Each structure stands twice: as C-alpha cells, then as structure tokens.
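Q: Chain residues, written in single-letter form:
6 protein chains.
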Amino acid sequence: MTVERVSTGIPGMDEVLNGGIPERNAVLLTGGPGTGKTIFSQQFIWEGLEEGEPGVFVTLEEHPVQVRKNVEGFGWNFREYEDEGLLAVVDAFTGGIGRASEYEKYVVKDPTDASELIGVIRQAVNDVEAKRVAIDSVTPLYIDKPSVARRIMFKLKRMLAGLGCTSILVNQIAAHERGFGGPGVEHAVDGIIRLDLDEVKGRLWRSLIVWKMRGTAHSMRRHPFDITDEGIRVDPEKVFVKEHGEVREVED
Amino acid sequence: MTVERVSTGIPGMDEVLNGGIPERNAVLLTGGPGTGKTIFSQQFIWEGLEEGEPGVFVTLEEHPVQVRKNVEGFGWNFREYEDEGLLAVVDAFTGGIGRASEYEKYVVKDPTDASELIGVIRQAVNDVEAKRVAIDSVTPLYIDKPSVARRIMFKLKRMLAGLGCTSILVNQIAAHERGFGGPGVEHAVDGIIRLDLDEVKGRLWRSLIVWKMRGTAHSMRRHPFDITDEGIRVDPEKVFVKEHGEVREVED
Amino acid sequence: MTVERVSTGIPGMDEVLNGGIPERNAVLLTGGPGTGKTIFSQQFIWEGLEEGEPGVFVTLEEHPVQVRKNVEGFGWNFREYEDEGLLAVVDAFTGGIGRASEYEKYVVKDPTDASELIGVIRQAVNDVEAKRVAIDSVTPLYIDKPSVARRIMFKLKRMLAGLGCTSILVNQIAAHERGFGGPGVEHAVDGIIRLDLDEVKGRLWRSLIVWKMRGTAHSMRRHPFDITDEGIRVDPEKVFVKEHGEVREVED
Amino acid sequence: MTVERVSTGIPGMDEVLNGGIPERNAVLLTGGPGTGKTIFSQQFIWEGLEEGEPGVFVTLEEHPVQVRKNVEGFGWNFREYEDEGLLAVVDAFTGGIGRASEYEKYVVKDPTDASELIGVIRQAVNDVEAKRVAIDSVTPLYIDKPSVARRIMFKLKRMLAGLGCTSILVNQIAAHERGFGGPGVEHAVDGIIRLDLDEVKGRLWRSLIVWKMRGTAHSMRRHPFDITDEGIRVDPEKVFVKEHGEVREVED
Amino acid sequence: MTVERVSTGIPGMDEVLNGGIPERNAVLLTGGPGTGKTIFSQQFIWEGLEEGEPGVFVTLEEHPVQVRKNVEGFGWNFREYEDEGLLAVVDAFTGGIGRASEYEKYVVKDPTDASELIGVIRQAVNDVEAKRVAIDSVTPLYIDKPSVARRIMFKLKRMLAGLGCTSILVNQIAAHERGFGGPGVEHAVDGIIRLDLDEVKGRLWRSLIVWKMRGTAHSMRRHPFDITDEGIRVDPEKVFVKEHGEVREVED
Amino acid sequence: MTVERVSTGIPGMDEVLNGGIPERNAVLLTGGPGTGKTIFSQQFIWEGLEEGEPGVFVTLEEHPVQVRKNVEGFGWNFREYEDEGLLAVVDAFTGGIGRASEYEKYVVKDPTDASELIGVIRQAVNDVEAKRVAIDSVTPLYIDKPSVARRIMFKLKRMLAGLGCTSILVNQIAAHERGFGGPGVEHAVDGIIRLDLDEVKGRLWRSLIVWKMRGTAHSMRRHPFDITDEGIRVDPEKVFVKEHGEVREVED
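Protein chains in written order, with this note's numbering: chain A, 1172 to 1423; chain B, 1172 to 1423; chain C, 1172 to 1423; chain D, 1172 to 1423; chain E, 1172 to 1423; chain F, 1172 to 1423.
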C-alpha cells in the first residue's frame, strides 16, 4: 500500500517529510508570533495552484485585501487564480461588515460559530474543487473555550478529510510556550509541524521540526529555515541545536 | 504461584516485561502526541488475533473505517478477523451518526457516558469471547471532570478484569508533560507504560519505560524503540538516556 | 523514659528506624504510583501477625478478594489469620455491592464518609484486638476537599492512637511530585516515610527516606530498597544519591 | 514591489529595521518597568514632527501636562507643534476632570471604552493629518479582560492602518516577564519590539530585540541601547548577550 | 537605649540572636514537617520556667495530655509548673470534647474563632503572669482564609505585646516550600526564624536561619542544629551551606 | 533644564541616585520581609527634618507609638518635630480605636478606603507644609484587589505630586519573590528601588538596586548596604553580585 502524498512546494520541506504530506492529513502548523506560520500556509496554497491543485485559504487574522497584498510581496498573485475559479479566499475576518460584503464571495459572519465556518469552507471547497485548504488560524475557534477544542478540531478534520482535502491548520501559541496547543488539539490532528524563533546568545534563529505525521516516516531532526523574498526555504541537510544556536550537517 | 501472562506480540516488549503482561491487568499506555500509543494498542490486539486470542478495539479518536485503513498500513487486516467473529471494533467516535450506524455493529452514542461505554464493551467482549481489550483513548472519559477520573478508571478496570480480559488503556497527555495522567488515573491502574518522544540536540528520539506492573518484576530501564513498516519494535538490550540522547547496552 | 516500639518486620527497616516505629504513632507512607506503598503496608500487617500481633488492613483501592490474592504472591496467607480472628480486612472498596456484602464482614459503604469509615475500623480493631492498622489509602478521604484533609487526618490519628494501635496510612501522590501530600496531612501525622521511584540515566531506582518520626531518632539517610518475591528489603547500610543514581556505604 | 518605510528617528534603530518601520504597521513596543518604552514612543513622534510628519500622542499613563514637561527634558518641545496644528496630544488620563477639560482639546473620558478611545484618536488623526500615532499604553484597554485583548487590538490596528498611520502601541509587562503580552496581543500586531532591562552580575543592562516585523527583513540580533540626554540611542553594530552581560561586535 | 532581651534557653541560639529575643517581639518560627518547630517552642517555654519566667503554651496540633508526655521525653516536666501556677497549657485541640473539659483549665472551643482564642490566651497570661507565650501553631487560624492572615497576625501580636509577652508563633509550611508563610504573615511579625530539613546527597541536614528580628542585629548565617535527648542544640560557630551539605566554621 | 532633587539623607544613597530623588517623584520602595524598607522610609523622613524639610509619615503596619519608639533606636526623635509642627505621623493602624483617638491627630479609620486615606494625608501635608511623605506600606491598599492597584497608585501619586511632595511608597512582597509588586504598581510609579536580603552559601546579604527613576540617570549597579545603629548606609563604590555573594569595586 503506497501513501498518496501532497507536495508542500516549500523548498526542502518535502525532503523533511519523506516526499510530502500524506493525502487528506490535517496538519497543525504551530508556533509563536513572528515564526512564519502565515507565510508557510500561504506558500502551501500557492505552490498547489502552480501545480494545478485548486485551493482554499481561510483568513481569520487579516483582511482578505491585506492577504492578497501580503502574498504579492513574495510574488504570489492570489487574485489571478481567484478569477480563474481555482482559488477561494474565505473571509472570516471582516464579519461581512463594510465593503468586504460586496467584494468577497465567501464570508463567515461569526468565525466563533464553528458550524457556519465549516459550512462556508465546505461550499468554497466544492466550488473550486479544492485539494488543499489552509486556515489561518484555528486559534480563535477555541481560545475562549479550551474544553471544546478537541471537538471542534475533530469536526474540522472530518469535514476536510471527507472532502478529500489535505489541510494546514495554523495554531498560535504564546512566545516561549512549550507544547503545541494543548492535548485536545495535539491529539486530534494527523500531523504537527512546529515553527520556532529562538534567541540564542543575542541572535534570533528560525527552525522547524515535524513532531508527528500519520501515514509516513519523516525526518526526526530540527531543521533551520529562512524567510526570503520568495518565501520559506528549509535546509533538510542541516540540523539546528536549540540551546547552543549551532547548525550542523545531518548525520545518522 | 505462577503468574499467567499475555504476550504483547510487540518484538522486544515481552522481554521488557519479563514474559508479558500479567493476565487481567489493566495497563495505562500513556504518552504525548506522536509517541505511537495508537499503534502500540492496535499491535497488541493484532498479535493476539494472530495467536488465536479474540479481541476488542474501542476507538474514541478515529473513525472505525479510518482505523481499519490505518492498520492496513502495517499489514494488519482487521476486517478479516471481524468477519470471522474474532474481533470487535467498538465505534465510540461517530456517535452513530451518518452511515456508521448501518455498518458498525458496536456503537457508543455518547462516549462521555461511562455506563453506556462499559455496557457496549461488555457486550462486545462477550460476543467475541475476547481475551484482550484496547481502548484508544480513555482520556475523553474524564478530561472535563478530573475529580471523577479515579472512579471511572476503577469501574472500567473492574469490568475488564471481571470478564477475564487483559487491557491496554491509552491515555493522552500534553507534549512535554511529566507524570502519567494525574494521581487518580496513575494509582487506579495495574500497570503504567510510558511512551516518549524527546528532542535532544536537534533530533527526536523514541523510548519507553515500564513504570509499574502489578504481579511481575520488569525491566527497570528506559528502552529505545522504532516505528517500522511492521509496527513497533523495542530494543530490550539497549538503554536510552534522555538528557544526552545516548543509547547504550543494558548492563547491571 | 524508654519508647515502646513496633517492629516493621521489613528486613532492614527497623535499623533505619532505630528499632521500629514508636508505639501508637500514625505514620504517613507516601509515594507516587508503582513505588511499593501497598506492599509495604501489607508486609507491616503480615509481620505483625507472624509475631502474634493482630491487625486490621483497610482497603480502599483494591477488591478485598484481590488483596488476599496479591499478598499470596509474596507467600502471605491473609485468609488463614482472618479465619483465626486475628486479622480483619475492612472492605472500603466494593461499597457492599455485589457478593462482597455476603462474604466480607467489615464493609464501609461510603468511604468518603469519614465517620462511617472510622466507625467500622474501630469495630474491627476491637473485634480482633488489633495492635496494627494499615489503611491503603487515605487519599480518597480528602482528595476532593483538601481544606478538610487536616481535620480528617487528626480524627483518624486520634481514634487509632486512642485504641492503642500503631498505624500506616498510605498516601498517594502524583508521579514526580515533591512534598508528601500537602501541609495539612504532613503536619498532622507522627511520622513520614517516603518511597521513591526515580529514573536516573535510563534506569529506575527504588529508595526510601524517613522524613520525620516522633519519639525516636532515625536514620537521616536515603536508603535503597528492593521488591523481591518475599516483599520489601531495605538496605540500611547503603545510601542512595538521587541525582547521580549512585549507591554507597553509609558513613558519618 | 518596494515597501514604504517610516523612519523611527531613533539613532541606530532604522539600521536594526533595515530602513525603518514599513508604513501602516502597528508595532507593539513591549517591556517591563523602567525599560524606556515611553521615551521610545515619544521620540518616534518627535522625530516625525521634525521631519514634517504630523503625529498623535495618546497618553493613558501620565497627565498631558506632565508629558509635555517630561519630553522637554530631552529637548523636545511638544507644545510648539501642537500650536502649529501638527501634533495632537490625546488626554486619556485625566478623564476630563479638573482643568484638563478646559485646556486639552482631545479628551477620552473613559479609556476602557475602546469605542470612545478609537473615536477620539480618529478625530485627532484627521485634524492634524497624522502619519504617526503612539499610544502609551494600550495595557489598560484589556488588562482586566484578557479574553477581549485580541479583538481590541484588531480594532485599533484596523482603524490606524485604515487612516494611513504607522503606530507604536506601548505594552506594559511585569518585570522579568517572558513573552510580549499574551498570544492575543502578540499575534494581532504587525511587529513586536521588546525593550529589556536585565541585571547581570550586579549591573543593569539595556537592550532591545525586534521579534517580528511584517513586510521587511530586520536584524535578528539583540542590540544594546542607552538613554541619553537626547533620548534613546541604539547600537546596531553591537550584540548583547543576555546571560553573560557581554557585548560584542555583530558578526555573521 | 538598650534593648531588653529574653533568653531562648536553647544552647547556641542566644549567640545567634546577639543575646536573645528583644522583649515583646512576636517571632514567627516557620518550617516544614519534621523540622523541630514544636520542640523549639516547648524548649523556649521550659527554659523560661527554669529561669523563673512564667509561660503559656497554646496547643492546636496535639492533645494537651500528649504535649505533657512528649516534653517528658526531653526531661521537661510541664505538669509540675502547671501545678505551681507558673505555666498554663491552653487546649485549643480537643474543642473541650471528652474528658479534656474536666481536666483542662484553659479550653478554646473553636480555634478558628480568633476572638475566642485571643480571649482565652489573655486570661491564661494574666493568671500566671506570663512573660513568654508559644502558640503551636498559628497555621489553622488562617489556612482556609489567606486574605485575613495579615489581620489575624496583627491582632495576636498586638495582644501579646500589649500584655508584655515575648512570643513564638509556630507556622507550618509544606515540605520544600520556599518563603515563610506568605507576605501577610511575614510582614506582620517582628521576627522570623526558619527551621529547615534538607536532603543533600542522600542525607538529611538540620539548619536554621534568622531572617529578621526587629530591635537587634543577629547572625546573618545559616547554622546547623541537632535534636538531642535534651532538646535542640544550635552550633553558632558553624555555617551550613545548603546546596553542598557542607558545614564549616564561621568566618567573616 | 535642571532637575530639582531631594536628598535621601541616607549615606551613599544620593550618589547612587546621581544626587537624590527628582522632586515630586513617587518612588516605590519594594522588598521582602526583613529587608529594611521601614527603616529606609523613616530615615528619609528624618533626614528631611534635620535639613529643614517638613514631612509626613503614614503608618499602616505599626502602632504610631511603636513607630516613635522604634526610630529612637536609631537616635531619631520624631516626637520633638511633631511638637514643633514639622512632622505629622498619620495613624492608619489603630483605626482610631483605643487611646490612639485621643493622642493621635491624624487618624485614618479605614485604611482600605483610599479616599479617606488620601484625604487625611492631604490634610497632614497642608498642615505641616510637608515636602516629603513616606507611606509604610501601600500594600494593604490593594492586596485584596489587585485589579484596582493601578488606579489607587495613580490617585496617590497625583495627589502627592500635586501637593509638591516627594514620596516613598513602601511595598511588601513575599520573601524570594521576583518582580516589584505586579505590573499595575510597577508602571504607575516614577521610580523603583528594591531592597534585597539573599542567602548565599549560608550567609545573608543586604543589597539594593535602583530599577527606574524618572527624570535622572542613576547607578545601574546593585550596591551592598548595612543596617547600623544609625540607620542604613549604602556603599556606592561597591557592586554586589547576587549569585556568588561576591562584593567588588565599581568599575566601568
């Protein structure tokens, strides 16, 4: 039995994942402020589009207009694919207030209402026949009600996998927080990728580690990465050692 | 007085347990996300089937259809044994909603209702004359009500031992959490096996340790293990030292 | 003024206690899961019986039938002494439900009702003219109500000392917990013995330390111990150093 | 696509930011007591005025009269620019009680009422055609209601960016607190600059680090800074290593 | 102005206190279980009696009969001085239930009722014209209501100083707890003496330190002490270093 | 613009503050039990009197009679200046109960009523034309209601600065507590001086550090100090290194 995989499109990341994310997996992308979670999730959608896989980007943290503008900074033109009916940007930010209601096709009025959110995403996935979904972020869905986090994550995951989508669920944690978002969230998802920003001896370092990924072996190392003009670039040949801010070649 | 034992079927694990799990013990299998708890519990059921011991697998975290698909990845065909009446998969995930109600024989509508859950498991055990039970996981039974954890664990344990079953109770803890699930749970069970995933110098390591096991002596060491295409494989001859990510031969 | 002492009967333990537990002391035996508290308390009762001192064993954590079966594993036949009227096993586990009500003579229906528990223990002590009492464990008496822990412990202690009994009160703490059960409990008892299970460099170690014991000097060292086929065996000539997992001879 | 930038005017700071703060960014300036947050935010406004960019300074922590007096200590004459209609000082301190109501043009009666605060700031920005806004501090807006912090920060940020302003939002944390103000605040803003005061070997050290800044690369180093008679002065060529109180040249 | 002092009577302790406790000071004697607080407080009363200073011992933790028996173990005959009208033992333990009401002259029915407690102590102090008071312990007075701890301690202190008494107020903290009982208690008293029991490299060590003492300079060192057959004996010439379990001569 | 300064009168302290406390600053003097906060605040008032600056001492922690007695121990005669109308002692301790109401001129009946406290202090300041105020301590004003701490501190500070007074506000923290009293208090005041008492290798050390002081540069070092028969004496030429209990010369 071979596992179908979805390429992340992020240079170096597929090598870390032994070929990509197993199809239909819901992957928690977790990290503190400034770690690059949003860029990672947008790049995942963009690279899918470039490879012919339609996608849905759900924004809860930024105005959809701002999202389109931000990705342009990396040379990614979301508007074009939206016009071709291959990309849907779901606006779960404005609440449909202001001019957004006129211009945005997919609007979630109350993003803390999981049913509404799931309904709109389902519609968007069906419309563009999406294979990839990114939600930036899932944190507001349960931040005020940790006891239901597990249930909400299960619902989301079931819907997305049921529709045949591979998904990135961005999760925000406080700076310097250990763990990945609490047991309810961590155990509900199929995979966990953690992005880190660490100060070591007066210098900030970026690194990521795949903590779990159902259906595939993966690198068991922490890899350094950079945010460049063209997005994220992971170095699968290097290992980053957190306490010492040391980077060395992968060896076994 | 000799203790009757149940072989785990996991390569290397029986050596760690001086021959297997003492019959009728309820063993807490505890660990963070991505540590391999689900695979361990499924392998325990599978190896029993292969040795002619009927089993019950109770799933609270994954759709029963997904469970059957996942185990196939390790070459374990659950469906076949279900058809022969030697394995029961108890669906405590779907709530009997959707098509599951038609296809699944054992359905728990409300898994937070301990009485219903216990009733359905009892029925399944009786039907297949099970000698082994795995519950993945027991965490939702008490996650919102820690004060009753002890009582629920006692009820489960009494039912399972009363029916003559040896059982694995999967328990989820947050990543990096010490302890095994709180005093109420830890003291209620007959054994505790902890699976760990640790980052040491930029690399992830898997290891397990048997913290307690009533009715038998057992290895007092932390052993490294791997997750392979054929499931978990423990190395009983090696000791894993957590802080240094060092593996060495067992010596006394 | 010489202090009357009660021998623990546990090889090496009396040396640690400069001759045994001062008569009528209520001793807290505290430790995490798997540390051997239950065995210690049963061995204390058994050795009393063998020396001609009647005893009472109160079980809140295990079915009385299971208790009798477990101790047989160490060659201790509780049933025989029960039949002779020298040992009372108080069942505070089953709640008198099921066949226990027929077979068990001493049943506590609601173990969280301290008055009922104390009443039944008093009756049992009087009936067998007990000199030793072990309660395994006192934790459920106050686990949901820490503010009354002190009061409950005082009541128990007053009753037991008033009846002339020397007692072991088992207390469960979470794995890796420091302290002995909170100030309310720690200050209420006459003595504290702590059993530990520590992982040092991939190996588990057993050790105990006497933290306080009214009415006698005692070893101020942490001693290693083993659980053998014949119960616990303490090495009073050896000191265990926790951080380094090192064992060395006692010196002054 | 080139990013428009706003010069901080703080010697050395623009170098740290690769040229300044990207236009319209809302930047969280966070730090413990005595770290220099207020001076930084006032210098940001002052240098804008000197370069011809009108500004708004919102004071929640100090009487507006005291603010004008304090900045004079650094040679910055706020009054003059206010008279010219290029600077608005918004009084969210006095509540309009006392003589403030007569002398202050922009008064927020209840600073915990986010709508009123936003309304008054909007008016002030429009009146002076401000390009820069500093709010000292945003902490009282959510200190008693952390669950709404995210929502309030989003509202503020949307208003300020919508009006074309680049803003500094001062955030107070307790001395020695790690993190930047909690996940709700940290993820809502476009940038985070942290000011620190650390005792190392009996000496206090000042340093800052840019933790995130949307729309630009920035120094990944912790830089030492001083508070002089003329305000803050950052040393972009030096790196401060916190644990050792060591300062060394930037190298790559 | 010379400070009047009260000798503790504990060998070595007066040297630590530069001559004794300043008259009328209320001193918090704080420590975990098994540290020797009760013995210290009883020895303080006993040595006063032997020097002709009447005293009051208030017991909240032990039956007055048991108190008298315990002190005999050190050769201190409380009963004799009680009969001479020079010592009052205030029974705040039995609640006046049982035979205590007949034999005990000073009974506090509800020790959590601070007014009643203070009233009975006042009566006892007046009756025997006490110069010394020890309360073992004050912890139950505020353990369930930390917010009133400060107020209760102030009341006690005012009463005791007002009557001309020097007092030892025993305070119980959990094992391994840092601090002395919380800010409310720590700041209310005139002095703080902390007794410690520390495990260092598998051995228990006893030591004490005077943290504050109004009205006098005192040793700024941590001194080792022993509990012998004749009570506590402090070594004012030695310094105990906690982390290393090292004892060395006092030097300056 | 030159800053007007108020000399602390404490030997060595003005050097630490580059000449004294800037006029009208409200300075938080914070520390654990036994650190010398009360003495520092009294010495500040006393030295003002000796230099001809009237003062107000507000006592919330000690009976005014006891205050006068305590300061005599350092040779400071408060009564004399009170009689001359140059010093007011505000009694916020007795609540006006007992004889205090007859003898004390300035009585605060309910010190938790901030309005009453502020009213009485205002009256006292006006009566003696005070330039200095010390409040020992402000902790009871907000200890039970941390959410209003910020507001109360602002009120106090506004009143004191408005009346032209330079003030010391004593704040009590628990022993071993880091920080200075929580963000609400720390950010509200103009300056923070922290007094410490640290045990290093079995010896207690006194030191202080100025953490912030609006309107002036100040020593960025931790300085050792002593409490002598004549009050506090700071050594501005020495630096105290906390972890090693080491004292060395100031160097740059």
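There may be inaccurate statements among the hints.
Identical chains share a label here; the pair holds if one copy fits it or two copies do between them.
List of simulated lysine-lysine pairs, DSS-like, C-alpha gap at most 30 Å [said to hold, decoys possible]:
{"no.": "1", "residue 1": "K1276", "residue 2": "K1240"}
{"no.": "2", "residue 1": "K1280", "residue 2": "K1240"}
{"no.": "3", "residue 1": "K1372", "residue 2": "K1280"}
{"no.": "4", "residue 1": "K1316", "residue 2": "K1372"}
{"no.": "5", "residue 1": "K1409", "residue 2": "K1280"}
{"no.": "6", "residue 1": "K1413", "residue 2": "K1276"}
{"no.": "7", "residue 1": "K1276", "residue 2": "K1328"}
{"no.": "8", "residue 1": "K1316", "residue 2": "K1409"}
{"no.": "9", "residue 1": "K1240", "residue 2": "K1372"}
{"no.": "10", "residue 1": "K1280", "residue 2": "K1413"}
{"no.": "11", "residue 1": "K1326", "residue 2": "K1409"}
{"no.": "12", "residue 1": "K1413", "residue 2": "K1240"}
{"no.": "13", "residue 1": "K1240", "residue 2": "K1409"}
{"no.": "14", "residue 1": "K1280", "residue 2": "K1326"}
{"no.": "15", "residue 1": "K1326", "residue 2": "K1413"}
Please keep in mind that the hints were generated in silico from the structure rather than gathered at the bench.
All values reported here derive from a predicted model rather than from experimental measurement.
Q: Indicate, hint by hint, whether the structure satisfies it.
A: How the hints compare with the structure:
{"no.": "1", "hint": "K1276 to K1240", "verdict": "within (18 Å within a copy, 37 Å between copies)"}
{"no.": "2", "hint": "K1280 to K1240", "verdict": "within (22 Å within a copy, 37 Å between copies)"}
{"no.": "3", "hint": "K1372 to K1280", "verdict": "neither (45 Å within a copy, 45 Å between copies)"}
{"no.": "4", "hint": "K1316 to K1372", "verdict": "neither (37 Å within a copy, 35 Å between copies)"}
{"no.": "5", "hint": "K1409 to K1280", "verdict": "neither (44 Å within a copy, 49 Å between copies)"}
{"no.": "6", "hint": "K1413 to K1276", "verdict": "neither (44 Å within a copy, 50 Å between copies)"}
{"no.": "7", "hint": "K1276 to K1328", "verdict": "both (23 Å within a copy, 24 Å between copies)"}
{"no.": "8", "hint": "K1316 to K1409", "verdict": "neither (39 Å within a copy, 44 Å between copies)"}
{"no.": "9", "hint": "K1240 to K1372", "verdict": "neither (35 Å within a copy, 39 Å between copies)"}
{"no.": "10", "hint": "K1280 to K1413", "verdict": "neither (41 Å within a copy, 46 Å between copies)"}
{"no.": "11", "hint": "K1326 to K1409", "verdict": "neither (37 Å within a copy, 42 Å between copies)"}
{"no.": "12", "hint": "K1413 to K1240", "verdict": "neither (34 Å within a copy, 37 Å between copies)"}
{"no.": "13", "hint": "K1240 to K1409", "verdict": "neither (32 Å within a copy, 34 Å between copies)"}
{"no.": "14", "hint": "K1280 to K1326", "verdict": "both (19 Å within a copy, 16 Å between copies)"}
{"no.": "15", "hint": "K1326 to K1413", "verdict": "neither (35 Å within a copy, 36 Å between copies)"}
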